[in-house]
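Visitor: Chain by chain, the residues:
There are 4 protein chains.
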Amino acid sequence: MSHRARLLISCPDRPGIVAAVSQFLFEHGANLAHSDQHTTDPQGGVFFLRMEFDLPGVDGALPELEREFGMLAGRFDMEWRLALARPRKRLAVFVSREEHCLLELLWQSRSGDVPADVALVVSNHETLRPVAEAWGIPYHHVPITSAGKRQAEARQQALVEHAADVIVLARYMQILSPEFVGQWPSRIINIHHSFLPAFAGANPYVQAHQRGVKLIGATAHYVTADLDAGPIIEQGVERVDHRSSVEDLRRIGRYIERMVLARAVAWHVDDRILVHGNKTVVFA
Amino acid sequence: MSHRARLLISCPDRPGIVAAVSQFLFEHGANLAHSDQHTTDPQGGVFFLRMEFDLPGVDGALPELEREFGMLAGRFDMEWRLALARPRKRLAVFVSREEHCLLELLWQSRSGDVPADVALVVSNHETLRPVAEAWGIPYHHVPITSAGKRQAEARQQALVEHAADVIVLARYMQILSPEFVGQWPSRIINIHHSFLPAFAGANPYVQAHQRGVKLIGATAHYVTADLDAGPIIEQGVERVDHRSSVEDLRRIGRYIERMVLARAVAWHVDDRILVHGNKTVVFA
Amino acid sequence: MSHRARLLISCPDRPGIVAAVSQFLFEHGANLAHSDQHTTDPQGGVFFLRMEFDLPGVDGALPELEREFGMLAGRFDMEWRLALARPRKRLAVFVSREEHCLLELLWQSRSGDVPADVALVVSNHETLRPVAEAWGIPYHHVPITSAGKRQAEARQQALVEHAADVIVLARYMQILSPEFVGQWPSRIINIHHSFLPAFAGANPYVQAHQRGVKLIGATAHYVTADLDAGPIIEQGVERVDHRSSVEDLRRIGRYIERMVLARAVAWHVDDRILVHGNKTVVFA
Amino acid sequence: MSHRARLLISCPDRPGIVAAVSQFLFEHGANLAHSDQHTTDPQGGVFFLRMEFDLPGVDGALPELEREFGMLAGRFDMEWRLALARPRKRLAVFVSREEHCLLELLWQSRSGDVPADVALVVSNHETLRPVAEAWGIPYHHVPITSAGKRQAEARQQALVEHAADVIVLARYMQILSPEFVGQWPSRIINIHHSFLPAFAGANPYVQAHQRGVKLIGATAHYVTADLDAGPIIEQGVERVDHRSSVEDLRRIGRYIERMVLARAVAWHVDDRILVHGNKTVVFA
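Residue numbers (our numbering), protein chains in the order written: chain H, 32 to 315; chain F, 32 to 315; chain W, 32 to 315; chain U, 32 to 315.
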């Protein structure tokens, strides 16, 4: 995988894009491993492309490749990026008191199912320190008070700025400020314990129980300034019934949350997600 | 099945209910085929019981059985009913222009998967008359105008009052008045083309497409005066992705709608649903 | 859609294929609507490509386009075909006594969810004649006797040879001879009422009940000379439990069968399936 | 939960069983919390009953309760047992080199989702010692050689005999002898990495890949002398497609395996499973 890279593109759709891009990669000696594309409309829509390719020495050649591709990109008015498959991306996992999502990420990181490293854990509580430390992961306790939120976020930013490529809110029960979020566009992933947009806001399992739904869900989404309304990456549901107590919903929910979050993080670190307005294109 | 009946009970939970009811049925010569129960809380909750039993000659013996059970029921402060498995219940299917839910009910009625008969079809359009008549089902066109809604509902009521046991809104795009709904408590089933409470109201597939959800659903519920908020009977979902257009969502939605509606109707006509406040207990 | 066509390719994987093909289409004025590709191995594997494109006048230009593409195809050692999206493909549906799969195909054909036409129904029984004729579809009764199987298949072939593009075995309970099957390579789709390879052969629901499985399924596959072992196109499952009788399994199975078969047929008529050895590549 | 117990019964079906049992519990002051029943046939079938009840002091009163119930049980020819909800059951987890199922059981035990304690881990390798010891669980390395299998099993039996209530084979890659299995009837749970009976035996993911299936699964079952053929407790599946390599199947499979195994163990320790011949009745 050390020779592998990914090219992600979005641009106005028009004929010839795939021909030009694949010709470019071919001429530079790249061998296409996967290619996915999507257009919102062949006439005047937006075109999305992800090409995963093998090119010996791509890590050293990246700056040159980027410079040359920039010229082609200009012709098609592309937003684009080239990303190396290696090294693995670094996760900063933010947690509060619940361990299930953190544990899932730790295990899937070790197994390789989420091809990324948990670089550090940040929490507003001490609760999960033993979990992180048992895995040899640095754990930072950053308490949040309403008065000191600004300073707390400054400290969080200092911790993660150079240490992580993506922030994962793994049942982190604090709301990040728009200023903090603005520093990590499409790079903070949250797991919301509901099938959004149903039951946005607090206590979704209590809400779900009161409404008597027959399925409950969870939603992984990018965090934007608009709480619970960022671009949805992945959703999952499980059946419940009249016998399910609120505690049962929480138990079943834990299972959905960790699966949905792990899938979303895996797609992100594999550069499979393109954000377009308030929606995602996921080349799963 | 001609000797089969069902006893449905809800009452304050306290010790001895199952003992008393099962003793009653045993002494009257009934043989228990299925029994399901649920309590919202063993201490001071509400208790629900459904017993399906075989008793030769139960149809003739029903009035006597009801009279005797009434005495026991009084001791436990029960709401209850006895229902014969035969004859099959009669459905009045209300439709507008879309055929998929009607067709599913017609097929499943014929196959026995929904053990009920479609007695008549009522529509505010002529569109589906050929479908109904190809199956030999009476079709009644009752146009709805804002001015004439009262009279239209009077005509609908006259059509169904003695002809049907339950009304199924199979993509019927008109809102029934609280007065009409009040005549059919827990006996009107609607299919809403969304995973409620997400995307209540009009055009849920358009809403879902705009929000970029990764799963879409449908909800079968009893109709109450409060639009889209009646007790949920069943829900289903299917995966969608960025490639799904609004028309794709409608197509996938049609499939979910007919499956969810057919399951809900099958449970209703099998007397498997108890309504409790705004929720259902479904002994599926 | 009248200007739409699809190009399907399989060939040894090597660099430059996508560049060459997309350049070819671009130079011929085609606008790419969808593109999917797969390689079994970037090093020495087999490469599969499906490109769906819009090209005004493609129906008239097809022979010329095929001639020119043939030269490019030769350079890459491709197996390939160009297929017009219109007119819709014609289905010959073979049935025995059960109607559910036939009904599903008739309805999905009418709704457009399966974008194909049911051209004729062929059966070894008279049972479903009323169903087909209610939809205005020609129905041909071709009885099968062990002595007369050869003649029966000759008659079937005469019926479908020029009238249909694909044969769908919609719960057709007769085994076709290798000779007949050989005339329709990758163009006969069967629905097997089991999650293959579990419970191959007769009476899978009885087998499943005896084994006490907790999920039952159905499998749509291309028919080859090797019974129940052809390339799998699609599979589906549903939960069952200890309460499920063999008849319940059949009922739940009917539902899975018609959904799985309809999906498989829709993919086939959309030219989304490439067969490779005993497996399928489905660009769903 | 300390006053909670469960009564499990199987016997020939005949009228009056529920009446007699519920009357018995009522007279002894028990308050029914849940009740589930099943009959294979109301006429001459086998009847299964599970009643979960609250009775203050039930732990002390158990011997007396069992003695008295034995008389009633005799009248109905019952197989039965009374089980206390507390203390939690003790698991002996047998592993080889793969950690995912062990980790899942450790987490779910801690969260209470599997209400049982992992008492010890037994392995034919040293690989997972660090995992177990990080959780403070005793780890016993019992190497298996073909010559020394008999002694190894004697040592395993000595380890678990008084320390565990149930043995969980969590990807334990050795075959237990019929003699060992015979000591733990319906108390050894295995996870088979396939949707049985498809792909029984070795390397099911390789088999599945070769066959080109579109769904893969896992099966939790009780271990009997007949390899991979014991009573099925639970099964799960996930979608795969042509892009899935054998390694992808293993990855997806790990996820299914741990979920299916955890569900099966949770049901077992909640006394929700009755074995009948080669099948299970699971009152989930």
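It is worth saying that the hints were derived from the structure and are not from the lab. Beta carbons are placed, not taken as given, at the ideal position from N, Cα and C, and that holds for glycine. Hints are supplied without guarantee of correctness; some may be wrong.
Restraint-style ranges between C-beta atoms, simulated for each label pair [stated by the list, open to error]:
1) U/Asp108 x F/Gly143: 34 to 40 Å
2) H/Arg45 x F/Lys180: 49 to 55 Å
3) H/Gly232 x U/Glu157: 47 to 53 Å
4) W/Met102 x H/Gly308: 23 to 29 Å
The list that follows gives simulated cross-link-like pairs (lysine to aspartate or glutamate, EDC-like), each with its CA atoms no further than 16 Å apart [claimed, not checked]:
5) F/Lys310 x F/Asp272
6) W/Lys310 x W/Asp257
7) W/Lys180 x W/Asp144
8) F/Lys310 x H/Glu58
9) W/Lys310 x W/Asp259
10) H/Lys310 x F/Asp272
11) W/Lys310 x U/Asp272
12) F/Lys180 x F/Asp148
13) H/Lys180 x H/Glu210
14) U/Lys310 x W/Glu210
15) H/Lys310 x H/Asp257
16) U/Lys180 x U/Asp144
Visitor: Has the given pair, W/Lys310 with W/Asp259, been kept, meaning a C-alpha gap of at most 16 Å?
Guide: Holds - the C-alpha atoms of W/Asp259 and W/Lys310 are around 13 Å apart, at most 16 Å.
Visitor: So if I understand the rule, the pair passes when the alpha-carbon distance is 16 Å or less; does U/Lys180 with U/Asp144 pass?
Guide: Distance ~35 Å between U/Lys180 and U/Asp144 Cα, so the pair is violated.
Visitor: For H/Gly232 and U/Glu157, compare the CB-CB distance with the range 47 to 53 Å and indicate the outcome.
Guide: 49 Å, holds
Visitor: Take the C-alpha atoms of H/Lys310 and F/Asp272, compute the straight-line distance between them, and say whether it is at most 16 Å.
Guide: 10 Å, holds
Visitor: If I claimed the Cβ atoms of W/Met102 and H/Gly308 lie 23 to 29 Å apart, would that claim hold in this structure?
Guide: 43 Å, violated
Visitor: Checking one constraint from the list: CA of H/Lys180 to CA of H/Glu210, max 16 Å. Satisfied?
Guide: 12 Å, holds
Visitor: Return holds or violated for the Cβ distance of H/Arg45 and F/Lys180 against the range 49 to 55 Å.
Guide: Holds - the Cβ-Cβ distance for H/Arg45 and F/Lys180, about 51 Å, lies within 49 to 55 Å.
Visitor: Does the structure keep U/Lys310 and W/Glu210 at a Cα separation of 16 Å or less?
Guide: 42 Å, violated
Visitor: Would you check the hint for W/Lys310 and U/Asp272, treating anything up to 16 Å between C-alpha atoms as holding?
Guide: 10 Å, holds
Visitor: CA of W/Lys310 to CA of W/Asp257, is that 16 Å or under?
Guide: Given pair W/Lys310, W/Asp257 holds - Cα atoms ~14 Å apart, limit 16 Å.
Visitor: Check the hint pairing H/Lys310 with H/Asp257 against an upper bound of 16 Å on the C-alpha distance.
Guide: 14 Å, holds
Visitor: Please check whether U/Asp108 and F/Gly143 have a Cβ separation lying inside 34 to 40 Å.
Guide: Roughly 35 Å apart at Cβ, these two residues keep to the hinted range, so it holds.
In terms of the numbered hints stated before, the structure departs from hints 4, 5, 7, 8, 12, 14, 16, listed from lowest to highest.
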